[in-house]
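A.B. asks: If you want the building blocks of each chain, they are given just below.
2 protein chains.
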Amino acid sequence: MQLPGRSRLLLLLLLRAGGLRAGERSSSAMEEIATEKEAEESHRQDSVSLLTFILLLTLTILTIWLFKHRRVRFLHETGLAMIYGLIVGVILRYGSPSSSGHDKPFSCSQEDRPFTTLLVNVSGKFFEYTLKGEISPGKIHNVEQNDMLRKVTFDPEVFFNILLPPIIFHAGYSLKKRHFFRNLGSILAYAFLGTAVSCFIIGNLMYGVVKLMKLVGQLSDKFYYTDCLLFGAVISATDPVTVLAIFNDLHADVDLYALLFGESVLNDAVAIVLSSSIVAYQPTGENTHAFDAAAFFKSVGVFLGIFSGSFMMGAVTGVVTALISFLFTKLHCFPLLETALFFLMSWSTFLLAEACGFTGVVAVLFCGITQAHYTYNNLSVESRSRTKQLFEVLHFLAENFIFSYMGLALFTFQKHIFSPIFIIGAFIAIFLGRAAHIYPLSFFLNLGRRHKISWNFQHMMMFSGLRGAMAFALAIRDTATYSHQMMFSTTLLIVFFTVWIIGGGTTPMLSWLNIRVGDHAPSVEEINESRWLYFRVGVDPDQDPPPSNDSFQVLQGDGPDSERGNRTKQESAWLFRLWYSFDHNYLKPILTHSGPPLTTTLPSCCGLLARCLTTPQVYDNQEQLREEDSDFILNDGDLTLTYGDTTITANGSSGSRTATTSLDGRKTKSSSEEALEHDLGMGDNEVTSRGTRLVFPLEDNA
Amino acid sequence: MQLPGRSRLLLLLLLRAGGLRAGERSSSAMEEIATEKEAEESHRQDSVSLLTFILLLTLTILTIWLFKHRRVRFLHETGLAMIYGLIVGVILRYGSPSSSGHDKPFSCSQEDRPFTTLLVNVSGKFFEYTLKGEISPGKIHNVEQNDMLRKVTFDPEVFFNILLPPIIFHAGYSLKKRHFFRNLGSILAYAFLGTAVSCFIIGNLMYGVVKLMKLVGQLSDKFYYTDCLLFGAVISATDPVTVLAIFNDLHADVDLYALLFGESVLNDAVAIVLSSSIVAYQPTGENTHAFDAAAFFKSVGVFLGIFSGSFMMGAVTGVVTALISFLFTKLHCFPLLETALFFLMSWSTFLLAEACGFTGVVAVLFCGITQAHYTYNNLSVESRSRTKQLFEVLHFLAENFIFSYMGLALFTFQKHIFSPIFIIGAFIAIFLGRAAHIYPLSFFLNLGRRHKISWNFQHMMMFSGLRGAMAFALAIRDTATYSHQMMFSTTLLIVFFTVWIIGGGTTPMLSWLNIRVGDHAPSVEEINESRWLYFRVGVDPDQDPPPSNDSFQVLQGDGPDSERGNRTKQESAWLFRLWYSFDHNYLKPILTHSGPPLTTTLPSCCGLLARCLTTPQVYDNQEQLREEDSDFILNDGDLTLTYGDTTITANGSSGSRTATTSLDGRKTKSSSEEALEHDLGMGDNEVTSRGTRLVFPLEDNA
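Quick mapping for you: the protein sequence lines, in order, are chains A and B.
Residue 1 is where the first sequence starts when you use full-length UniProt numbering, and the numbers rise one by one after that.
Residue 1 is where the second sequence starts when you use full-length UniProt numbering, and the numbers rise one by one after that.
So that you can see chain A by itself, here it is in the shape it has in the complex (with noise of 0.2 Å):
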């Protein structure tokens, strides 16, 4: 096997060439000395580059706020990392000198297959090697290339093991439950038989673009009907970060919020497994790339199996954090170890999936779900800010280090095979792929829902299917054989394209789809006023509400929201209700300290179980709890409407406004049902809330 031509990890080298500083000293032979000036060297020239990264995100940084200061919609964040980076790419290409004589390589023959470990006889000194991969034959030159893009290029699992996983766990535990939870049909259907429709019809268009190459004699080498699927799984991973952005500041619609977030996320962890179970369709006998039953079902087995592993690994990490935190509630008092150990957990998810065999990025995504839904609520109000705070940081560094990376890899990767037959092949076969994945699976889910997903929404789903980091971290994986660079050269064209044009045009095409923007809309200001509301009062802007709140009259359908709550009520489906009591009254009342005891819902022949898992704590927080919020919000109505001022007052921004809330705490029901209903009818309200009009209702006639 060959790793992408001379790809290494920078860090790697860092701590590598570091060690090889401290080096023997017990000889002083000139050699050595030398041999150690070569390391500092190399160590030296390591931090240059990871420094050159780092400029360029700080590039980036003052540029974004910049952007975001002036409202520059043109152009996303992670379109601007990716110009930066295709800048210094050409530095490096063209500015720094071409060859280094220093790492010749050296030739000698084993007998059998490689070692791992290799110790070379160095006229009476032992020198360990280790094993980086092999080299394909035609390649053995390119070893010796270009010293300085060598040290910029990154070993592709550094994607996959260090910044998808931060990324990818910070779009589960970010995610909107309310309405992702609405929409879960909806969304399961477009991640998995979306994915795979597209991944299936991208691979067709592929081969039969393959073929035509052939014809005109443009392929110069193997290009497998298999490695026509991958792509089509590659490609199929859309990205959840830069529409979504754009949509988060724009305030459109929350249910194509949802529908676009849940499908994106989602799909990447689809893809993923999908291009896993493609690489490991491999049909016995000799001819090894035709079609083989036994081989399809054994990738579908794998697909099932990673899949649910993955699943399962993520949900049960997620719900131990969730038990660690419940049971030891007094951590509270100690948010920093609350911060960590949620932090460790998490990261252990990824590891136990990779140490079992599954897909850590995928365990991880399931796991940042399930610590959303129950750990969230078993933190202290300071550990949830740190953690989504903590969350948030590595996310930002790592998408923006990944697409910066993607501008530099344009220049920097050496063994780029741009076809321009197969690139817009690839073009036109993205677009029809999701064009067969959106609209006829909208039509039959149409046929289901009552809330019809319009044709401006599929319109905007159609053109949301930006490609970014994951297709990205999936192609460079495995740049070993020609088809695959191919493949890659191809990903990073459509990622590039994808990512100006569609991060680009989605304002003006929500705009021209007459798709509702951001009636409340709150600026950047807002919400982080909001935040600070969050602080002061301990409100969370993007939590569950009280688990009883009459005043929104969901359930009366009075008023405006009345058909919205119809609505809700008849569309979700009975599978999702029979999940959603289930989780609301067993696995919350054990998992977390919100919904109802489990005294009250589990059947009265259980009662002595329930009355062992319910701890007199857990009912009396229940109480307490309750008490608590009202108490908070007859205190605070006057209290509020000052923090408004201070809250300038020490922002420093401008404007008084006045922040307020509607939240009520007076009357309980603790049925499924009803925390159903309300949950799900929040839609219109939880846009309001995740501003700063959270309003107080100063009357008491609720």
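Among the clues, some could well be false.
If chains are identical, the list can't say which one is meant, so a pair holds when it fits in one copy or spans any two.
[As the list claims (entries may be wrong)] Taking lysine-lysine pairs in the DSBU-like style, the calculated list, with each CA pair at most 35 Å apart, reads:
| hint | residue 1 | residue 2 |
| --- | --- | --- |
| 1 | 222 | 177 |
| 2 | 211 | 452 |
| 3 | 37 | 222 |
| 4 | 452 | 415 |
| 5 | 222 | 415 |
| 6 | 211 | 37 |
| 7 | 330 | 68 |
Honestly, the hints are just simulated from the structure, not real lab data.
Chain A is already provided as a structure; the job is to place chain B on it using the hints.
C.D. replies: Just chain B now, with coordinates in the frame of chain A:
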């Protein structure tokens, strides 16, 4: 050269092994599949061993919580982490099968000196190998030892390049500026002179021990004088962690805290650079370990060069960050960008220093101090807490990781050389070295200090010289030779002993020495609450008070504060006063939004320049801040009282404390002398405001 045994960077393998997995699939040779399987297996093992560490940390966190909750003080968390590490080490050592036949070393002769890249031809296929390091001939059989032990052994440079920087940065960033600067002279004397004295004395004593060992016939290999000096440098690095955590919990005397903290933080930097210079001491000629004046002065030059270079590097990056955050004030609206920028700039300090050949860890320390002094003032309130929390988490994880790794290393490190004579000698030497460092220096310092360092303070400083992460990282950095292995084993034992004994004995020692403990000691809950307060009213308890504050009556000299006021006035040396007024009048106004406008501090001849540098905004800000401060106090007198309740409501903690602070922003005297007096005189009050006892004076008679 040779890296310590089979040291590997887990992360590295994790990635590399992962890279192997996605191999070339163009030929379906069975052997390739076998190699791939092996790589996958290795990847899994890496995940498992990393998982081991994470579960270890999780366990440590839960136990720490238990200890904190029950207020157990006989064992500090770092000591706990070591114990868990020890247990896991024992299990790994004696519980896992002891050999693996896979990685058979392969010998082949090479001509001249080792290449960093090696191409090996295995039955027609080329594999790329990279140099790991030299193996001393006697140790070749070690290479193929216990696989599991090898997996859990990290590359020593991980400590220097990944784990130490966040710890050291956090130390610099959380330095209590006021007390640090008040005792700057003494701290510098302890750090520079003291460490040099300690290093020299320990080195010489150990040389005596080594001579003795040679006489007794206990020494089987070479042990040079420079090795002894290196040991002196390594073991002179005292740990800023454990004792100070206890001090912080107990709120012992602030001056003692400042002296100890400042000394141990700076002393780490000195020890690193000192050990580098000792390593750089390479006398010319054949007699390589005799004294050579030229080489000695070169070493001194190296010390000064590296130290000042790293210092400059750190200070400059800090100042640049301050300037960026100063110029891009609107970044306040985007705390995420601000935090990311701060993080990246701080990291770039490390890389920049490494790239220039200086010491990254030292640069990071001074960067942290500069960031705390200037940049911190320019950050938005949210970013202040975000950056603090981010580095707090990183620091916490890194520190506990290092300590549990230490426990592990006692059993998993495979080249321990425990020599009873050397160990006993070392214990005596560090005791004598510490004594020769503290008592004479304190005596000389007391000649110049008005506020003497009392005997019990000296005893406490003597007692508190425990060794921790830094000594370990320095010792493990180079374990290639016999002497270094012995030094490493001894260092490990010293760390264990000092952390457990001194860490556990601090509380009894403090009371035995009659050192004032926690008159105003806030409990953990109170600290949390003060954080709350900080979020709410934007008053950071650790922060400088507004630059004018007559109510303390430092100058008037009546009341109990007067003595301290006079003392601090005369105590601070002219050099420090010079620096202070320069900093206050010029640097702070240029780099931050605090301090007087330049137009008032620069001489009139520079009026134009001053007006250029002082943007109207700054001037306005100055006025505005002052206005806001006083407004804020007037408005929020009763508000804060209400906050007290709210905190408790939201936090769930008990007790109704009145949140009060002694801030009064009325009369402003911008002379640097007064500000200095005020800053220096704040001693007692700072302790107060570190808790929640921030007293808003409700009466207006200040």
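A.B. asks: So, for every hint listed, does it hold in this structure?
C.D. replies: These are the hints, each one checked on the structure:
1. 222 / 177: neither (46 Å within a copy, 66 Å between copies)
2. 211 / 452: This pair counts as neither: shortest intra-copy Cα distance 40 Å, inter-copy 89 Å.
3. 37 / 222: Close across copies (25 Å), not inside one copy (44 Å); limit 35 Å.
4. 452 / 415: The answer is neither: 47 Å in one copy and 70 Å across copies each exceed 35 Å.
5. 222 / 415: within (16 Å within a copy, 51 Å between copies)
6. 211 / 37: Answer is between: at 33 Å across copies they meet the 35 Å cutoff, but 53 Å inside does not.
7. 330 / 68: between (41 Å within a copy, 10 Å between copies)
The structure is inconsistent with the numbered hints 1, 2, 4, although it conforms to all the rest.
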